[in-house]
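There are 2 protein chains.
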Amino acid sequence: MSYLEELGANAKKAEKTMRGISSAQKDNALEEIAKALEENQALIISENEKDLENAVKKEMSKAMQDRLKLDEKRIKGMADSVRKLISLPDPVGRVLGGHELPNGLKIVKKSVPLGVVGIIFESRPNVTVDAAAICLKSGNVSVLRGGSDAINSNKCLVEIMRNAVKKAGLDENAVSLVTDTSRETAGEFMKLNRYIDVLIPRGGGGLIHTVVNNATIPVIQTGEGNCSVYVDSSADIEKAVNIVDNGKTQRPSVCNAIENLIVHRDIAEQFLKALNEKWQGRVKILGDEAAAKYIKVDGIAASEDYATEFLDYTIAVKTVESTDEAIDFINAYGTKHSECIVTESLANAEKFQREVDAAAVYVNASTRFTDGGEFGMGAEIGISTQKLHARGPMGLEEMTTYKYLINGNGQIRG
Amino acid sequence: MSYLEELGANAKKAEKTMRGISSAQKDNALEEIAKALEENQALIISENEKDLENAVKKEMSKAMQDRLKLDEKRIKGMADSVRKLISLPDPVGRVLGGHELPNGLKIVKKSVPLGVVGIIFESRPNVTVDAAAICLKSGNVSVLRGGSDAINSNKCLVEIMRNAVKKAGLDENAVSLVTDTSRETAGEFMKLNRYIDVLIPRGGGGLIHTVVNNATIPVIQTGEGNCSVYVDSSADIEKAVNIVDNGKTQRPSVCNAIENLIVHRDIAEQFLKALNEKWQGRVKILGDEAAAKYIKVDGIAASEDYATEFLDYTIAVKTVESTDEAIDFINAYGTKHSECIVTESLANAEKFQREVDAAAVYVNASTRFTDGGEFGMGAEIGISTQKLHARGPMGLEEMTTYKYLINGNGQIRG
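These protein sequences, in sequence, are chains F and G. Just so we're on the same page, this note's numbering is the position in the first sequence counted from 1, plus 9. Just so we're on the same page, this note's numbering is the position in the second sequence counted from 1, plus 9.
You may find that some hints are simply not true.
One copy or any two copies: either way a pair holds, since identical chains are not told apart in the list.
In silico EDC-like cross-links for lysine to aspartate or glutamate, where the CA-CA straight-line distance does not exceed 16 Å [what the hints assert, rightly or not]:
(1) K22 - E298
(2) K119 - E359
(3) K118 - E406
(4) K25 - D333
(5) K164 - E181
(6) K287 - D254
(7) K25 - E359
(8) K164 - D189
(9) K22 - E334
For the record, the hints were derived by calculation from the structure and aren't laboratory data. Bear in mind that the values here come from a model prediction, so they are computed numbers and not experimental data.
Next up, chain F with everything else stripped away, as it sits in the complex:
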């Protein structure tokens, strides 16, 4: 049995025990995790420092080093997130439907955990705790595979969680870490169908595409957001400027930030001049020829620019002749995440919401609202950009599947 197979088999064994536990047992384990994180603050920070030292040696960018860093405040934040889950309703055991057949057979559709969930992510170690805790609350076993940059932090965090889970009387294998971060092991991990039910990659487009192209386990794609705002000819200029500004500059590094700005030619001059005044060069602009007439551009936008998730103070601007052209542009370049129209036309608003193929389609509001918290989910494992299972923000309910329970007294089919 290989290293990964043993890990998988242990996770699968733990899964069976998770099917029988109560909400109180899960919440108790979450409280133990939160406490243990707080109590082991010094240890976590010292292990994290090893990763930070390696990061300096590898000349990792300051921004990436910052994402990697754990301090008292961040550890407190992780513990708080875990405790917040305790207050949320248990997503398992909900009766989703049911009926009785004429022959007396009773059918009940009930929510159950997905099973063993594999999470593949990059360097932020807070994902480690967050993902494991959401899985635990939803009755799922998690097998975490973080990046090598955070390996010391992750080992320490997972060990702390496993001990806490055990202390709470659950199988410690309800949470585990793939400590071998080699590329070969990652490849094998994605094909572990026998033990892992679902794979959720969290990270940039490169990671997600690697998983989609190599995994044989069913995948939920999350978090790739090449989002656009379309400013229609009937748009209110002030709303449009605010929505575009908020989408681009409030937090450019996240997936619901906007990357493309589409402007109807009839309003391009008025709107782009207003935007130019607002931004005053704070945002790098790549535009087509028509846009360049009204706003200072840093270059002409190529097709690849429209397909790029900049995650930075950069935007690509495209001018169009119609709502149809804007919709076709979005359906061609978007990642099915969040898209917005700014318009005062009811017909164009309805057309846009009907024909744009994305998880969240906005009229006159910032795409930055696509978020588990804003959508009332309380917690979020990621934002799905695919159509199977869950679309948009994935909270606890989206981490469950269902099972039909059928009870009879000897019924057979005629």
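Please arrange chain G on chain F, whose structure you already have, making use of the hints.
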């Protein structure tokens, strides 16, 4: 642009038009399809005869030839199935939830079609019409890829459907067929992520595994059913005999038929003797040593036998010491389809339903009830054996996803 890319691009174009059509338009197109099938009966039969002639040349088994054959009655049956869909509610446009944020932003979660659905299936040409019609009713575009054995029948049926769809005023590319049935094209088809949203293989385990292992498009696995009945020590013998007999012999070729029989040792003698009397050698039995003491076996069961979907009058018998052992056996060998316990013990019934990991878990009733019709869905595209998206019978609602529509008046995130 390759042949498949062109097909895919046309399907994607048709998808956009499908987002705007009404229930009446879809039902009208279904009626046109039903009428056209009836009117073109002679043509369908003559094209089907070409496939039947080839089947004889290839020395296809009689059973397979029968599955391939279309006659007046079967064509009428296809038309009736299409008309039945007209009477079912439209699964698109249902409001699944929603709320208003304190800032006035309105969020509505609404059901929408999956998009472009690829269906890969084997030789039964009635699947061609059935799958296309279910896709149409649920607002999806279908790209069908049937087996080479039925190519003439499929070409004829799809041409009839495309003309009918066009006559009803829809884009004829709402239904299309991959006429190149080569293995290379099949491989390319499974990676057409740009144009196809979901892939549904319908057929035997071999086909399904090929798709799961090669597709990069999200897959819904359907129809592989290695189902078991577990006869607990407290079982009512008469119920147990009837349920096992019904599961194995009422229609052995379907996925919800049973393949394994698990018997508690304490009841093995009494139960297996009763079953022996019922079957009188009509079913081929592979059993373990303990079972062989009480029922006439045709051989000792090996591990591979327990993993085999016989789809025939053959069953593998395993004796166990406990409900736990039965559950572990099922979770190891089953395909997560339908599993049954026959018991008079409430504790064992509950344990079994909780810990068995399958789409449908029965107490004291035949697994043959796992079916879209019995589950009240009206129509069924297949029975999902995976956990993502839909589990168990997939009806019209399961052929949809959802989209969040968010309406504001200039809200931005603070």
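Status of the hints after comparison with the structure:
1. Neither within a single protomer nor between protomers do K22 and E298 lie at most 16 Å apart by alpha-carbon distance, with minima of 61 Å and 28 Å respectively.
2. Only between protomers do K119 and E359 lie at most 16 Å apart by alpha-carbon distance; the minimum there is 13 Å, versus 35 Å within a single protomer.
3. Taking the closest pair of Cα atoms, K118 and E406 come within 16 Å of each other both inside a single copy (14 Å) and across two copies (14 Å).
4. In this assembly of identical chains, K25 and D333 lie within 16 Å of each other by CA distance solely across copies; the values are 11 Å between and 51 Å within a copy.
5. Taking the shortest alpha-carbon separations for K164 and E181, only the intra-copy value of 14 Å comes in at or below 16 Å, while the best inter-copy value is 56 Å.
6. Taking the closest pair of Cα atoms, K287 and D254 come within 16 Å of each other only inside a single copy of the chain (8 Å); across copies the shortest separation is 76 Å, beyond that limit.
7. Taking identical chains as interchangeable, the C-alpha atoms of K25 and E359 lie at most 16 Å apart only when they sit on different chains, with a minimum of 14 Å there against 47 Å within one chain.
8. Proximity of K164 and D189 under a CA criterion of 16 Å is satisfied intra-copy only: 11 Å inside one chain copy versus 51 Å between copies.
9. In the homo-oligomer, the alpha carbons of K22 and E334 lie at most 16 Å apart only across protomers (13 Å), although the nearest pairing inside one protomer, at 53 Å, exceeds that limit.
Going down the numbered hints, you'll see the structure goes against just number 1.
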